[in-house]
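A.B. asks: Chain residues, written in single-letter form:
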Amino acid sequence: MPDALLRVFRGDKDGGQSVDYKVPLAPGMVVLDALHSIQAHQSPDLAVRWNCKAAKCGSCSAEVNGRPRLTCKTRMDSLPLDQPIVVSPLKAFPVIKDLVTDVSWNYKVNRKIPAFKPKPGVEWKMDQRDVDRVQEFRKCIECFLCQNVCHVLRDHGKHESFGGPRFFVRTAGLEMHPLDSVSRIPLLKNEMGLGYCNITKCCTEVCPEEIHITDNAIIPLKERVVDEYYDPVTMLFRKIRGS
Amino acid sequence: MTANYETHEHDVLIIGAGGAGLRAALEALAQGARVGLVCKSLLGKAHTVMAEGGIAAAMGNVDKSDDWRTHFGDTMRGGKFLNNWRMAQLHAQEAPDRVRELEQWGALFDRTPTGDILQRAFGGHTFKRLCHVGDRTGLELIRTLQDRGVELGIDVFMECTVTRLLKDGDRVAGAFGYWREQGRFAAFKAKSLVIATGGIGKAWRVTSNSWEYTADGMALAYEAGAELMDMEFVQFHPTGMVWPPGVQGILVTEAVRGEGGILRNKLGERFMEKYDPKRMELSTRDVVARSIYTEVKEGRGSEHGGAFLDISHKPAEYVKKKLPSMYHQFKELADVDITKGPMEVGPTCHYMMGGIRVDAETAASTVPGLYAAGEAAAGLHGANRLGGNSLSDLLVFGRRAGKAAAEFAAQSSAPNIDPSQLADAEREMLAPFERADGEFPYPIHHDLQETMGALVGIFRNEEDLKKALVQLDGLKPRLAKVRIDGSRMFNPGWHLTRDLKNLLLISEAVTRCALARRESRGAHSRIDFPNYDTEWEKKNNIISNEGGSMKLQQRPVPEMPAELRQLLEEKK
Chain G
1 MPDALLRVFR
11 GDKDGGQSVD
21 YKVPLAPGMV
31 VLDALHSIQA
41 HQSPDLAVRW
51 NCKAAKCGSC
61 SAEVNGRPRL
71 TCKTRMDSLP
81 LDQPIVVSPL
91 KAFPVIKDLV
101 TDVSWNYKVN
111 RKIPAFKPKP
121 GVEWKMDQRD
131 VDRVQEFRKC
141 IECFLCQNVC
151 HVLRDHGKHE
161 SFGGPRFFVR
171 TAGLEMHPLD
181 SVSRIPLLKN
191 EMGLGYCNIT
201 KCCTEVCPEE
211 IHITDNAIIP
221 LKERVVDEYY
231 DPVTMLFRKI
241 RGS
Chain U
1001 MTANYETHEH
1011 DVLIIGAGGA
1021 GLRAALEALA
1031 QGARVGLVCK
1041 SLLGKAHTVM
1051 AEGGIAAAMG
1061 NVDKSDDWRT
1071 HFGDTMRGGK
1081 FLNNWRMAQL
1091 HAQEAPDRVR
1101 ELEQWGALFD
1111 RTPTGDILQR
1121 AFGGHTFKRL
1131 CHVGDRTGLE
1141 LIRTLQDRGV
1151 ELGIDVFMEC
1161 TVTRLLKDGD
1171 RVAGAFGYWR
1181 EQGRFAAFKA
1191 KSLVIATGGI
1201 GKAWRVTSNS
1211 WEYTADGMAL
1221 AYEAGAELMD
1231 MEFVQFHPTG
1241 MVWPPGVQGI
1251 LVTEAVRGEG
1261 GILRNKLGER
1271 FMEKYDPKRM
1281 ELSTRDVVAR
1291 SIYTEVKEGR
1301 GSEHGGAFLD
1311 ISHKPAEYVK
1321 KKLPSMYHQF
1331 KELADVDITK
1341 GPMEVGPTCH
1351 YMMGGIRVDA
1361 ETAASTVPGL
1371 YAAGEAAAGL
1381 HGANRLGGNS
1391 LSDLLVFGRR
1401 AGKAAAEFAA
1411 QSSAPNIDPS
1421 QLADAEREML
1431 APFERADGEF
1441 PYPIHHDLQE
1451 TMGALVGIFR
1461 NEEDLKKALV
1471 QLDGLKPRLA
1481 KVRIDGSRMF
1491 NPGWHLTRDL
1501 KNLLLISEAV
1511 TRCALARRES
1521 RGAHSRIDFP
1531 NYDTEWEKKN
1541 NIISNEGGSM
1551 KLQQRPVPEM
1561 PAELRQLLEE
1571 KK
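For the record, the sequence lines run as chains G and U. The opening residue of the first sequence carries number 1 in my numbering; numbering runs sequentially from there. The opening residue of the second sequence carries number 1001 in my numbering; numbering runs sequentially from there.
If you are wondering where the hints come from, they were derived from the structure by calculation, not from laboratory data. Among the hints, a few may not be true.
Straight line, CA to CA, 27 Å or less: simulated DSSO-like cross-link-like pairs of lysine-lysine [unchecked claim]:
id	chain 1	residue 1	chain 2	residue 2
1	U	1403	U	1466
2	U	1128	U	1321
3	G	91	G	22
4	G	22	G	108
5	U	1321	G	73
6	U	1080	U	1538
7	G	125	U	1128
8	G	117	U	1403
9	U	1551	U	1539
10	G	201	U	1320
11	G	201	U	1321
12	G	201	U	1331
13	U	1331	G	73
Not the full set, but computed from the structure, chain G residues with beta-carbon under 10 Å of chain U [stated by the list, open to error]:
id	residue
14	12
15	15
16	19
17	30
18	48
19	54
20	59
21	102
22	103
23	114
24	173
25	177
26	210
27	212
Among chain U residues calculated to face chain G with C-beta under 10 Å, some are [stated by the list, open to error]:
id	residue
28	1047
29	1100
30	1138
31	1139
32	1241
33	1453
A virtual CB, placed ideally from N, CA and C, is assigned to each residue, including glycine.
Just chain U, same shape as in the assembly:
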């Protein structure tokens, strides 16, 4: 390749080590591929650990009438029919096997009295469907996959950030990145790549996401020529912490409502009666988030601008057993004993439904050799994701992506690495050190979050979105002049500078798609277009990179076969 860089060579390189990345790695390994796994944090710290409530799979352990058809229907209805039907079908059909597989690898779920995996109720799911471990299901999932990966011997490159995908003609050839610890550069040569880097939560100040969620994979794929889809659909989880200020946005699991938690405003009214009298607190996340937002906006919020979520009517021991980390989180961070009184909660940016456009069966993007799974990919969740459908998504499509990437690699020759692409990537990373003046990256990140929070939030309108595009444009020249203090050794300011580029790019994609979709659907609420539009129900927004400028177009949503359509009619 080139003597200037530390280089590594694999058949399949996986970027991101949350649930999707790990599951893809295990599958690619099972197919006989040489697999490398690169991640920005230490192994086992990815945001999958923050998934609390459970993993949705129609196992029928508690409600015997559940089956994949009902799960499929719930997912489509939750996504307001914008979902890729085939992904929703595969997901519902395969999730139970993926859960059983976890158990066979050592995961220990909570049990029913007859010794099977216990399942709990969740928003938008017709039946008790979420397999869970108290309120720390994601930790159980990531630890199980991580241990399995360690056992099978995956090459893991921890604390390494990928800044560019390398290409050989049309196909991918590998990736370029830097080690966070030492700041040295590395080149990874691979026949195929899987992107599993999660979402873009860090574009908003109030978010449940950690520093890692800066839209890296979406930006890398876009720059490499892949299409992005449905970027306007950003999920605001209805219940994040609102007080004290430092914890604002930290997730309060939907399992609180799944276990019987009640939402009230400051007048003591159970306000979900107004917004969704049938499903109440267990309505879908888009509806509950808008309801809380509206209550606060209209002056019926709590002291710190949220709603009250109460589970204290349940026995204290039950609450501590089923929601242990919520109990500790509120006790230690907010001085609230949730077994005795209500929590203050409000919407927090949580999840990206949009992402890299992929083929349903193989998770292949539009670039040969490039695959994507989990939050980084689009399609499964449509306009709104149901709680519990993310962990199952990671497993079902992580596995499919790993399999297809390994098969692609097996049929391909080794790609060539173009040294000029590496040199370009290196130049980009070193440039900020060469500037003696300029501002630090933190104020730019702050301003980006202000823009997205104020103008591209839960409720949107044309004027705000246009203003947001202007403001985002104004941040670009500032970012281009950022100055770095210190050396390349573990330098968060330097890391943020590169991450911000991804955030800015993908925030623009989100805003453009939001501006284009002149209707309200799922997580996308336009004040100026408050209703469904049957024409928009048939269209996906597609973003692509046309010679360096962002192009937006609409494509028809793939048409569902008659038997599935009938199935949705029957269950209506």
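So here's chain G without its partners, still in its complex pose:
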């Protein structure tokens, strides 16, 4: 098989440049294999995060030819090999080194979300149909590709006032848990900036777990916010009560 040319970002927070590496192709090779080959034979200090190599841990996220991808799942033979394959770090997060970015912001957002709290005295029985809905959200492997592609974060940098698709998915999983007792609706409206999302579905498109982020998580949550805050009857009731 011929060689492929990888154009990989090398640098840190102070900047950097793309470096070309020629890598021998093998059948079924994925981009992460090519990066490992660079580490083993050319540049042992090339920084890449990875763990399971089976699309189950969400560590190896990067942008391949401008598209956010799991590099362990991106087949070389799915890319045009007559031109360089451009591999760069996620754009929505600060670069630490090469393809490794600082994703600690995500862990901070996660801490704001109140945990699951069962209804008191609940019987631990659940119907599979109710569980199905939440299990879709719990498939999330925290690769943060949805966060990376979301224009509220990527282009507008609203990290301070927006939670991002990943954490709408997590919150939806808690809100729709059949036995949960907490409301996270005020948090979604006030601190997580759900309103910023204008449902362009970019997140859904890049999700490697094929979670219907926009349709099944974000839109139902938006409806709950509307019901809670903008329902005319409730608003009138609030006005009368003075709350």
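With chain G's structure known, arrange chain U on it following the hints.
C.D. replies: Positioned in the frame of chain G, the structure of chain U alone reads:
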């Protein structure tokens, strides 16, 4: 402590943030301890996410006759009676509570028609016993524990690698490590430590394990004076992917067989009829792995040197629902639609039954203040682990380790940190940067994997094992002269150099134990000693550090009380 290092102080420091580490952290916190959790990767990425098929617990939701006694018996038989009986008993008794607890923390398992947790069949388990979430049970487990930890406020130190345990006299005093991102050093002072760092899969090229599994905890504990046990028992999972080359070794969950998957050779024969006609595909992992290996060796393998695993006789929608990640994994990585045709599978290094020798009740090692749980510890699984018994192990003994470590800390004064130990540890990490020539670490890792794969694999013999010891010895001077390119900032070559030291050390322990055990039992198959030996059934191999050299001795397996022995007789 010392002004030269970033320092952190806790009552209990936990090393490793997979299921065992997280469960230990939650328990130590519940006991009122100040808890720190150090892990090599980002939180939530540990190999627990790769556990697919389920968690074994005798809840009796599907098969009402199941109870802890049957689970205990299955575990002992699966481990060929080399297990620590007390660990097997505690594990079987406590697993159901640990699963219910997960549910109360928000985990959502698949359900039975009456709304209870659904359980599926698995190799070596008498009843349908594995609580599961499709084929991503481990992810559900780690996410649940992680969210609980975030809620309760555990101090987590992500992407930090521990390279040395610190001692104060006989007891532990903390740990020294480096931040992977910046390469800075950190000192952690703690009254007690829990090791939950997993296994040693990366000593083999064909493995289901990620870069993290370099035997760190076993090596750290050994160097700190703890004993290791039963290191010859390395589990080769029967079904890893074999094609294309880049995905070789990636796990194909046993749930495929649990859901009715059939194994065939290239002649179309259902070959498990020959090897275990009673249990067929749901025989124990050691048996199925050897069977596939033998079929391939004798020329009846698939094109790429594996066997065919077929689930396509089940309705396509059922396969996609129960095995979604297998469906995607094969479709995307191997161009195979598993609802239409068979998968090619072969053995892959998966799990370490041996590890740090611990007390059954408390998970305490032989060093005061040092505890170990999960894959890093030995005892529960004996000579062969049953599928599904790992996730339950993490929870049962993670909790026990966290509890005992917190209790130890509560009764201890603050340890003293010896600055010379820190200076030593720092010197060790900086040395490779000072060498201008020498080879990169990657070829050494490659050669180690070749040695272990060729000479310390599924089938072993004396000649190969002796050859392996010589080859391992030859790698040590090469590792001592490794050169590093670049800076200390997120430098995988530098990280691998240190990890390799652990891999080499523990590979030697594995090989020595394998050479000593002159019989075949569970995952340890000696071509030159193909049968059980009743004398070896009574012995554990014990490895210890005697003034810098590795000592191997045998100790009697703890004797089972009469009532448990009787229980095993009855169920035979």
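A.B. asks: Run the structure past the numbered hints and jot down the numbers of the failing ones, going up.
C.D. replies: Checked against the structure, the hints that fail are numbers 1, 4, 15, 16, 27, 33, while the rest are satisfied.
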